[in-house]
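Assemble chain A onto chain U, guided by the hints.
Residue numbers (the numbering used here), protein chains in the order written: chain U, 6 to 379; chain A, 6 to 379.
Keep in mind that the hints are not guaranteed to be accurate.
Because identical chains share one entry, a pair is satisfied inside a single copy or across any pair of copies.
What the hints assert, rightly or not - Calculated pairs, DMTMM-like style, for lysine to aspartate or glutamate (alpha carbon to alpha carbon, straight line, at most 20 Å): (1) K309 / D364; (2) K204 / D190; (3) K76 / E286; (4) K316 / D364; (5) K360 / E313; (6) K310 / D364.
No lab work stands behind these hints, which were simulated from the structure alone.
Bear in mind that the values here come from a model prediction, so they are computed numbers and not experimental data.
Protein chains: 2
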Amino acid sequence: MSKISRKNFFRGLALGTVSLPLVIRSCGGQNIAQDNSSPAIHSGKKYRWKMVTTWPPNFPVLGEGCTLFAKWVKEMSGGRMDIRVYGGGELVPPLEAFDAVRSGAAEAGSGAAYYWAGKDPATQFFASVPFGMNAQQLNAWILRGGGMELWTELYAKYGLVPMLGGNTGVQMGGWFNKEINSLEDLKGLKMRMPGLGGKVLEKAGGTPVLLPGGDLYTGLERGVIDATEWIGPYHDYKMGFHQIAKYYYTPGWHETGTALEFFFNKEKFDMLPPDIKAIMESAALRLNGWMLAEFETQNAIYLKKLLEEEKVEVRSYPDEVLAQLRIHTDEIIEEITQEHPFCKKVYASYDQFRKAATDWAALTEKVYYNSIQI
Amino acid sequence: MSKISRKNFFRGLALGTVSLPLVIRSCGGQNIAQDNSSPAIHSGKKYRWKMVTTWPPNFPVLGEGCTLFAKWVKEMSGGRMDIRVYGGGELVPPLEAFDAVRSGAAEAGSGAAYYWAGKDPATQFFASVPFGMNAQQLNAWILRGGGMELWTELYAKYGLVPMLGGNTGVQMGGWFNKEINSLEDLKGLKMRMPGLGGKVLEKAGGTPVLLPGGDLYTGLERGVIDATEWIGPYHDYKMGFHQIAKYYYTPGWHETGTALEFFFNKEKFDMLPPDIKAIMESAALRLNGWMLAEFETQNAIYLKKLLEEEKVEVRSYPDEVLAQLRIHTDEIIEEITQEHPFCKKVYASYDQFRKAATDWAALTEKVYYNSIQI
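Extracted from the complex, chain U is given alone in its bound form (with noise of 0.2 Å):
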């Protein structure tokens, strides 16, 4: 992709503060649409809601799955629930739609949890954390062993109906301009690595940069950093770094499975009728498939590009340097959850059903990539 194309694609972008690289849209004016819908539930009644979303527009996949589950809800519901989506500062800016649906100004959000870390720390596990569960142990944990039951009581404290909307699969490493072979050359790295994973870099010695989404590709070009984590094949080949990174590192050690969600203001949700909610809670669901085989699908196409036609060295970070970035990975952790008893309540039940998850995992998941899928 040219670099032209490569700015129109992404024009726009500004600062992104958090993981999954939040891509933020400047916003011309704030001028919140009124709710106008009644508390009314007999089914026949139609509903116009909107949702805000933290994704540019049409944004690959993300901003997709947002437009598709509009669609299925709307066919579900014989058009009775029609949801306008908006992309990330076409009504708010991305990072205020979690307030923008508290306040009832939106009715529906998409983002991901750890989004609002900044709000509450416990958000993180409901989204990703580093050396976290992959997308299969975490849809687990959420939607059979527990985790959905303590997302709920956690977004009923902000007045919000959380739902686990899709998730990007394990994550790439991100594209380096240094080779990473001892944890000596993490010392002053200057890498873009947003939350939490920015936290465990500069424990380790390196220097997290925030620099907006749209800077990215300049600044890794003119060395204002030397490494930038991104998604994976298929958003990292648009954004074109291949271009001017040396090298592209695997595992995303900061994004092992990165869940996404929908929000929806809790006062207005409540009031749907029963089968309006079910459609709701349904198509969040289905994209959730969705969205993770999306991800499979086009990784795949797009990896094969980057190695076939534009030659991209693939790089693995060593052991001792991923062992290193686990231990301080498990010092924060350790932290955040002295700090703040419902994080730790959190914690306690993601921890617990990871360890039964590893050891069944090591038996049949782990065995079929080392022996099977050869």
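This is chain A only, laid out in the frame that chain U set:
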């Protein structure tokens, strides 16, 4: 679980002829109720449909899933689509579900596509083939990689509409009373292993034995068979195999992520109003995620029970044995695809997707299990 409660649990199990432990209840009468629905499509019309399944009533996870599907459809449709779920043998015998839906005797069915391999060998790729893809990859191929289009084309030949409706995840390799240390140990091994897995075992010198699900415990206890496969820790524990078999083998090379399915009478499905069609599809895909999450969760819990409380000894198939079984699998698939043109078309799509997914997983999921989740 005592023998008595185990027997109660599986009372009425009869012959299972294909993989996934098909458990068949005897069918007293086949007094199939006639369908009374008319082709009206106005959205207020009520439908009462029958779903015939290949599972015993309330069979854990698989049968429960059908009940959940019906519940969700009823909720979302405001009661307009009311599906009554019949266990295998209650309306028609399990393996007649396909034909019962085809004929319109029932409108809906639940099973696994490889149960119909005798009708068309191409069905197997939409459930599981030995050394095939795992759940995450199979979901991606079916939902986003062209699999669903081929499946729809295949089932249309039989007057059916298929939907993806669950996955078991990687299964276990089964229960053995002798160790498998070399290819030599497979010679003469009497093992309950239906479907393509059984054919592979036979090529390797083993003797696949067809025993009813309900006779497996006694067969293994009395040495009628040396080994049996089933599903994973949750279902295996309930069968009580740990009481009478010495070793629990990994991996389930014969079932690396078996997809479950719903199928509908095409003529009747096509007459449904669009909102109910969309509701059925979303409910199936919601169940698809629910089921894998439930298997992950329960299998992890029951593995712990088997290892810690029952002191079960786990063994791994040696690499040379897996390598030889893979060669035989390739031979069998080659034979099938040479003989059946549509099978060749489906496998070409499946195999191309698998190769790309393997390369992608080598940098992500595989690294996750080897370097992150340790």
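Practice task
Provide an ascending list of the numbers of those earlier hints which the structure does not satisfy.
Solution key: Of the numbered hints given earlier, the structure breaks none, since each of them holds.
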